[in-house]
Amino acid sequence: AQSVAQPEDQVNVAEGNPLTVKCTYSVSGNPYLFWYVQYPNRGLQFLLKYITGDNLVKGSYGFEAEFNKSQTSFHLKKPSALVSDSALYFCAVRDGNNDMRFGAGTRLTVKP
Amino acid sequence: ETGVTQTPRHLVMGMTNKKSLKCEQHLGHNAMYWYKQSAKKPLELMFVYSLEERVENNSVPSRFSPECPNSSHLFLHLHTLQPEDSALYLCASSQDVGTNTQYFGPGTRLTVL
Chain A
266 AQSVAQPEDQ VNVAEGNPLT VKCTYSVSGN PYLFWYVQYP NRGLQFLLKY
316 ITGDNLVKGS YGFEAEFNKS QTSFHLKKPS ALVSDSALYF CAVRDGNNDM
366 RFGAGTRLTV KP
Chain B
591 ETGVTQTPRH LVMGMTNKKS LKCEQHLGHN AMYWYKQSAK KPLELMFVYS
641 LEERVENNSV PSRFSPECPN SSHLFLHLHT LQPEDSALYL CASSQDVGTN
691 TQYFGPGTRL TVL
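Chain order of the listed sequences is A and B. Residue numbers for the first sequence follow my numbering, beginning at 266 and rising by one. Residue numbers for the second sequence follow my numbering, beginning at 591 and rising by one.
Among the clues, some could well be false.
Claimed, not checked - Within a straight-line C-alpha distance of at most 20 Å, the following computed EDC-like cross-link-like pairs (lysine to aspartate or glutamate) qualify: (1) A:Lys342 / A:Asp360; (2) B:Lys630 / A:Asp274; (3) A:Lys323 / A:Asp364; (4) B:Lys608 / B:Glu642; (5) B:Lys631 / A:Glu273; (6) A:Lys376 / A:Asp274; (7) B:Lys626 / A:Asp319; (8) B:Lys630 / B:Glu614; (9) B:Lys609 / B:Glu674; (10) B:Lys608 / B:Glu643; (11) B:Lys626 / A:Asp274; (12) B:Lys631 / A:Asp364; (13) B:Lys608 / B:Glu657; (14) A:Lys314 / A:Asp360; (15) A:Lys376 / A:Glu273; (16) B:Lys608 / B:Asp675; (17) A:Lys314 / B:Asp686; (18) B:Lys631 / A:Glu329; (19) B:Lys630 / A:Asp360; (20) A:Lys287 / A:Glu329; (21) B:Lys612 / B:Asp675; (22) B:Lys612 / B:Glu657; (23) B:Lys608 / B:Glu674; (24) A:Lys342 / A:Glu280.
Note that these hints are calculated values from the structure, not bench results. Predicted, not measured: the structure shown is a model, and the values here were computed from it.
Produce the complete structure using the sequences and hints provided.
As structure tokens, this is what we get:
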């Protein structure tokens with residue numbers, strides 16, 4: 266069965282600095298990988314996904330993620346963090362059987 | 591904001607009550623989902639419907655009963671819940687069950703007393 270791990274419960278960065286939110290996965294077959302963001306009192310919003318093709322995926326709000334097959338990772342990155350990026354971030358993986366699993370989430374706090 | 595609405599947004603109920611959560615999607619999607627979100631735990635997929643047929647039931651207790659009368663509406667009927675069922679219940683939809691992106695509603699915050 267597939268699984269996804271977000272090793273950090275909390276990530277703190279200063280505004281203007283680059284940010285990375287880590288995600289590793291385990292899946293049989295080709296992975297379909299997703300990042301979602303959740304702002305307070307809101308549902309999850311889609312940020313980006315990797316299905317096939319370029320390993321570097323660009324998404325909403327200036328975020329990008331790099332698919333690394335050898336390290337089974339799909340880390341979320343942004344070159345310059347904004348205070349408004351503070352939220353809960355979820356990585357998810359779907360396998361060839363269409364079962365989707367989410368990580369436990371990483372809380373990102375960007376300080377002014 | 592995403593074309594998926596949920597009502598009510600907040601619900602407090604006793605263990606002997608019966609209530610229902612409603613989800614509606616305005617995106618023309620064929621698949622709908624119920625998730626449970628508890629603090630510091632991964633999202634738990636509860637049910638999946640494709641073209642109004644249940645295609646997945648992840649060992650959810652029978653006190654949760656889903657209903658999908660058409661492809662735009664999804665209900666979660668609740669009865670004799672336990673305090674540990676308190677959580678945020680999220681509805682999502684996608685074009686089909688597959689690699690497509692899921693779009694989430696804002697959730698219903700459920701508190702069981």
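Going back to the hint list, which numbers does this structure go against? 1, 3, 4, 7, 8, 10, 18 and 19
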